[in-house]
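Asks: Chain by chain, the residues run as shown.
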Amino acid sequence: MDVHHGYKTGGSSRSKGPEVDVHETERRKKFLQFGDPDIGRLESINALAEKYADEVIEDFYRHLMSFSETSAFFSDPQQLARVKELQKQYFLRLTKGEYDAEYAQNRLKIGQVHERIGLPVSAYLGMYNFYLRAVADRLFQHFEREPKQALDAFVSLTKLTFFDMSLAIDTYIDSREQTIRAQQAAIQDLSTPVLQLRPGILMLPVVGLIDSFRASQLTEQLLHSIRDTRSKVVVLDITGVPYVDSRVASHLVQTVEAARLMGSKVIISGVSPEIALTMVTIGVDLGQIETLGDMQSAIERAEQLSGYQVKRVSLQRRRDDVDDDEDRARRGE
Amino acid sequence: MQVPILKQEDFLIASIQGALSDAELLALRDQVVAKIRHFRARAIIIDVTVLDLLDSFAARTLRSIAQMTRLLGAQTIVVGIQPEVAMAMVQLGLRLEGASIAMDLEDGLLILRNRGMQGDVSNDGT
Numbered sequence: 022m023d024v025h026h027g028y029k030t031g032g033s034s035r036s037k038g039p040e041v042d043v044h045e046t047e048r049r050k051k052f053l054q055f056g057d058p059d060i061g062r063l064e065s066i067n068a069l070a071e072k073y074a075d076e077v078i079e080d081f082y083r084h085l086m087s088f089s090e091t092s093a094f095f096s097d098p099q100q101l102a103r104v105k106e107l108q109k110q111y112f113l114r115l116t117k118g119e120y121d122a123e124y125a126q127n128r129l130k131i132g133q134v135h136e137r138i139g140l141p142v143s144a145y146l147g148m149y150n151f152y153l154r155a156v157a158d159r160l161f162q163h164f165e166r167e168p169k170q171a172l173d174a175f176v177s178l179t180k181l182t183f184f185d186m187s188l189a190i191d192t193y194i195d196s197r198e199q200t201i202r203a204q205q206a207a208i209q210d211l212s213t214p215v216l217q218l219r220p221g222i223l224m225l226p227v228v229g230l231i232d233s234f235r236a237s238q239l240t241e242q243l244l245h246s247i248r249d250t251r252s253k254v255v256v257l258d259i260t261g262v263p264y265v266d267s268r269v270a271s272h273l274v275q276t277v278e279a280a281r282l283m284g285s286k287v288i289i290s291g292v293s294p295e296i297a298l299t300m301v302t303i304g305v306d307l308g309q310i311e312t313l314g315d316m317q318s319a320i321e322r323a324e325q326l327s328g329y330q331v332k333r334v335s336l337q338r339r340r341d342d343v344d345d346d347e348d349r350a351r352r353g354e
Numbered sequence: 046m047q048v049p050i051l052k053q054e055d056f057l058i059a060s061i062q063g064a065l066s067d068a069e070l071l072a073l074r075d076q077v078v079a080k081i082r083h084f085r086a087r088a089i090i091i092d093v094t095v096l097d098l099l100d101s102f103a104a105r106t107l108r109s110i111a112q113m114t115r116l117l118g119a120q121t122i123v124v125g126i127q128p129e130v131a132m133a134m135v136q137l138g139l140r141l142e143g144a145s146i147a148m149d150l151e152d153g154l155l156i157l158r159n160r161g162m163q164g165d166v167s168n169d170g171t
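Sequence order for the protein chains is W and E.
Residue numbers 22 to 354, in the numbering used here, belong to the letters of the first sequence in order.
Residue numbers 46 to 171, in the numbering used here, belong to the letters of the second sequence in order.
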């Protein structure tokens with residue numbers, strides 16, 4: 022998230038989660054038009070909240086237990102009792118004032134706990150809604166003669182609840198973003214290996230999409246391997262590349278050209294009929310680059326260029342050799 | 046810094062020893078052409094292994110050396126371009142047209158000794 026919003030994601034450690042500083046807390050409250058009158062109203066109903074807390078919490082868990090998706094989280098009675106106590110604290114905290122950065126951080130932490138146990142967002146938001154309804158009933162009951170006062174207090178509570186909800190949702194989003202970042206890093210780590218096929222021949226199988234970053238990484242790796250192994254021929258296999266557009270093609274051309282400047286020839290293999298069609302259609306000019314349909318042809322061509330001659334020895338003949346060896350061994354030669 | 050140009054049989058070897066200024070590059074060009082004429086050499090190998098930078102002026106100069114030597118009936122082989130240099134050159138679109146390219150001095154000599162067999166591998170980018 023943008024740093025100027027004062028909202029920072031937890032960095033590298035996964036458990037840390039998002040953080041909300043003083044500035045960000047104030048910005049969010051301002052956006053919800055949550056001000057001093059609201060704080061006053063919320064504090065004024067604290068006594069009422071204390072009075073009905075246990076009742077509301079009981080209703081609340083009865084509601085949760087009636088749905089399979091939420092009841093699954095409270096199979097252990099001991100755990101249920103503990104969670105109820107925490108829930109009560111959470112509920113009472115709503116009317117205790119001091120809605121500062123520390124409050125926000127605490128709300129984030131609670132959100133994280135729910136995210137970690139895998140509570141769906143829909144259930145989480147449903148719980149907020151249940152709270153609002155439970156409180157509304159009791160508020161209007163209590164202030165039967167002064168509906169205006171009840172409404173004001175309720176609106177203030179709504180603001181605060183939305184403030185809490187936005188934080189809770191942030192923890193969910195942050196967690197997903199961390200997962201995405203971790204996966205992206207993992208994909209990058211799966212970078213393309215440069216393999217030595219024979220002395221003087223390198224093999225570079227490319228799997229997946231080629232973007233600018235990956236292309237330069239791949240080129241750099243290839244060029245260093247060329248220098249280290251003094252390989253004069255490279256087979257760059259693009260069988261695993263899902264599609265080739267003009268940008269991918271220009272990356273490939275650059276890689277081949279850079280290798281040429283180092284005195285090495287790149288043969289591109291794995292050009293499928295679809296890729297060939299695309300390249301012809303979009304008018305990619307592969308110029309002097311030698312391309313071949315399949316890897317086998319490319320390897321054969323690379324061997325030919327490097328002066329290798331692969332000869333197949335017939336299997337029958339090899340078996341004879343083995344027999345001869347065994348005979349000789351038996352005779353103690 | 047003067048670039049030593051050694052005569053070896055019927056070809057020449059210019060081994061660049063360090064970064065060259067523009068003026069030194071031009072001097073190299075004139076010197077190479079003069080020596081090729083003088084020795085009636087059939088090729089010049091220019092070793093750039095120590096260079097960690099080959100800017101557009103240097104690339105242009107190498108290209109004109111290649112074209113000039115060709116007019117004199119000789120071949121230019123540039124050897125020892127480093128990975129970083131190759132990547133930078135590609136990004137700048139510098140291709141060294143007219144010059145042959147080999148991996149290192151040994152590879153360059155090999156090309157000269159049996160041109161027929163190795164000709165396929167070291168293309169000249171045209």
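Rather than coming from a laboratory, the hints here were simulated on the basis of the structure.
Treat the hints with care, since some could be wrong.
Some chain E residues judged to face chain W by a derived CB distance under 8 Å, without partners named [as the list claims (entries may be wrong)]: (1) 61; (2) 65; (3) 67; (4) 95; (5) 96; (6) 128; (7) 131; (8) 134; (9) 147; (10) 150; (11) 154; (12) 158.
Rough simulated footprint, nothing fancy, chain W against chain E, three-plus residues with beta-carbon under 8 Å [what the hints assert, rightly or not]: (13) 81 to 93; (14) 103 to 111.
As the structure is a prediction and not an experimental result, all values here were calculated from the model.
Built from N, CA and C at the ideal position, the CB exists for glycine as well.
Asks: Could you tell me which of the hints above the structure violates, numbers in ascending order?
Replies: Going through the list in order, the structure violates hints 1, 2, 3, 4, 5, 10, 11, 12, 13, 14 and respects the others.
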